[in-house]
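Engineer: Put chain R on the given structure of chain E with help from the hints.
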Amino acid sequence: MRESTGRTRRGILAGAGAAVTASLAGCSGVPFGDDEATVTGEQLSEVVEESPPSIPDRVPIGIEASSLDEVASDLESALASVPAPFDDAQIPNGAIRDQLNREWETARETLASADEEPTPWERAGSLRRARRETGYVAGGWAAIDDGRTIADVRAGGEALRGDLDEFRRRWAYLGTDAIEAVVVNAAIAGLVRSCIGDVNRVLSTRERESTTALDVAEADERLASARGELGDAVYLFDRLRGRDAVRPRRDALAAAADALVDGVAERRATTGLDEGVFTAEADREATPAERALRDLRDDIRRGDIGETLDAGAFPQAIVEAHDALATIGAVETLRARIDAGEAIDPASVEDVDTIRTRAREALVAVHADGAYPRLDRLQTHRLAAVLGYVDDELSHVDADDEVALSRLNWELRDYVRIEAVARSVDDASAAVARALERE
Amino acid sequence: MVPSKPTRRRALLGAAGALAALAGCSGSDSAGDDVTPTEPAREPFDPESVPPHRRLRGTTDGPLVWLPDETRTETNGEPRRRRPTFLTSREQVDRLRFADVEGVETARTFLEETAFDSATVFLERFPVRRCYELQLCDVSWSATDIDTQFGRALRDADVACEPDARDSTAWLVRIPEALDTDRVTSYGSGVSGSSCGERRRPPEREQPITADAVPAPNSTAEGDDA
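From first to last, the protein sequence lines are chains E and R.
Taken in order, the first sequence gives residues 1 to 439; the numbers are from my numbering.
Taken in order, the second sequence gives residues 1 to 226; the numbers are from my numbering.
Isolated chain E (complex conformation) (with noise of 0.2 angstroms):
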């Protein structure tokens, strides 16, 4: 391992452009000067032997197989009620044809890998995307067969708002304790935003003199979408109203968003993060742990915490202000890392593994000993999606095939930021547990 003050990769990029993301598959064609580090394919197959720590999405709460059963139920009906795959005598025109087809295979297949997801919240998505893809067929064919028109689907929308507007106007942040109501109402929130924002696209379709049974299949998919969007916002809802003990927490939460966002700008402040200008590009020099530091420093400068809390969405602040802790705690991290100079300058196959290591190890470490498992999921389960994808991309490399470390650059950042943030994963939990335990 070199530390960073030893740098050797100059000039390595040449003919590749700046650090390439994309698939890294197919890389070997690209030429890299003699002096450079390089790694096989096989060698970073075996950097990715171990598998992530299997962190899936969940809500806190009991969301019953039955109703979920119920769901896969209903939308496989409405699948078998389309007379698909269509052929050349039910829709003649081809494009229309194999659009609609291909669609209802993706519905019939997201439908079926919804029974695999690992917990009940993230088959809820699953059923949500089928849902989703289910009227787009649906709609598509019904414009064809039946005549059905945006107006149609305007028409569904408007009820739809009609809905919304009635599930607003009972929902309220409850929670047996407050970090259930932070967890299941942020999620809850999440619902309803998007389904505000796939209403209004509804809403706002017009038919134009160009309109086919397309553009009625994209407003039915919207309209699908809202609705499931909607409907498991209500029984999550119902759920959390349901349990033994629960209690509004809206006071609550308020205070501690309130609390946290100050504490957030008090951390920047004191991290010295509102200074200085955004970074415009990134050195190719750097290091994966300059790179990371650089990439947390500007996405907690993004952030606008207050503005989530001045519209009264106290627990998507609170969520955000988890998330910002983490940031700046992974932040702290790497700064200290780089001023003492242990920041890895990746020359080897076995600093790859080294940083590859780590961000798993750090990673399963929370997940197994974090005190606050609720609030850590919130970032631990993104955390386990990005390494996983980073494999991915990692073992997509032929076996045979050299690659240049330097194009590693941003998969090995990426490495170094799941590493410090699930760090701070703990910490930035136990100040959220603090705030919210205060009142």
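Because the hints were derived from the structure by calculation, they are not lab data.
In this text the structure is predicted, and so the values were computed from the model without any measurement.
Glycine included, C-beta positions come from ideal geometry on N, C-alpha and C.
Don't take each hint at face value.
To be verified - Chain R side only, calculated, beta carbon under 8 angstroms to chain E, not exhaustive:
#1 Y132
#2 R155
#3 D158
#4 A178
#5 Q207
#6 A216
Structural biologist: Positioned in the frame of chain E, the structure of chain R alone reads:
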């Protein structure tokens, strides 16, 4: 040939050469000047802003309409493809040849009705996938340049077509000006994946629901902590 942006755009509202109240037509009305067009505002597509035109469409690979001009043929006598053609006289129209495709009679009538002392017909050719329609969205020109922009829209579901099949189209566009076509040396053309209406549709600003993802303000019955 490097397509270049025409230096000015002519309005087609009313008389030829009238200056544009059209979006993007800021500038003087003196001919041949170098007014740089401003970024066109995203106004809804107005079919009236496009010059009169006729379209021929056929399943042939060959050209649908051409001038049998020896200076513009390949060595095998076939008409050159893709070379923009202008029609500036009745004599040229008389020599014009058409393939046996849809739209020929309408095109002939269109040409007969053209007054070449004040108009020029621009001939453009484009292939199109059989399941789609091309639409002429915009034409701009100057003394030296001409540019056409097309949109693409799906044909109706009941139009029988295979998705990979292609048709040829030819477009006769009546420019309301007697151009000195020898001076026109720069041609530009583009096809958008969207219809003209979508290309020019203003950004969606309408937000029927402006609420944040929060409980409604009056949902206080359960909202206050006990």
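Engineer: Taking the hints in turn, state whether each one holds.
Structural biologist: So, going through the hints one by one against the coordinates:
Because the smallest distance between the Cβ of Y132(R) and any Cβ of chain E comes to about 7 angstroms, under 8 angstroms, the interface hint for this residue holds. With a least beta-carbon distance of about 6 angstroms to chain E, the hint placing R155(R) at the interface is held under the 8 angstroms criterion. The closest approach between the C-beta of D158(R) and any C-beta of chain E is roughly 5 angstroms, which is under the 8 angstroms cut-off, so the hint is satisfied. A least Cβ separation of about 33 angstroms between A178(R) and chain E goes past the 8 angstroms threshold, and the interface hint is therefore violated.
Hint status for Q207(R) relative to chain E: holds, with the closest Cβ pair at about 5 angstroms, below 8 angstroms. Annotation: interface hint on A216(R) holds; nearest CB of chain E at approximately 4 angstroms, less than 8 angstroms.
This entry does not satisfy hint 4, going by the numbered hints stated previously; all others are met.
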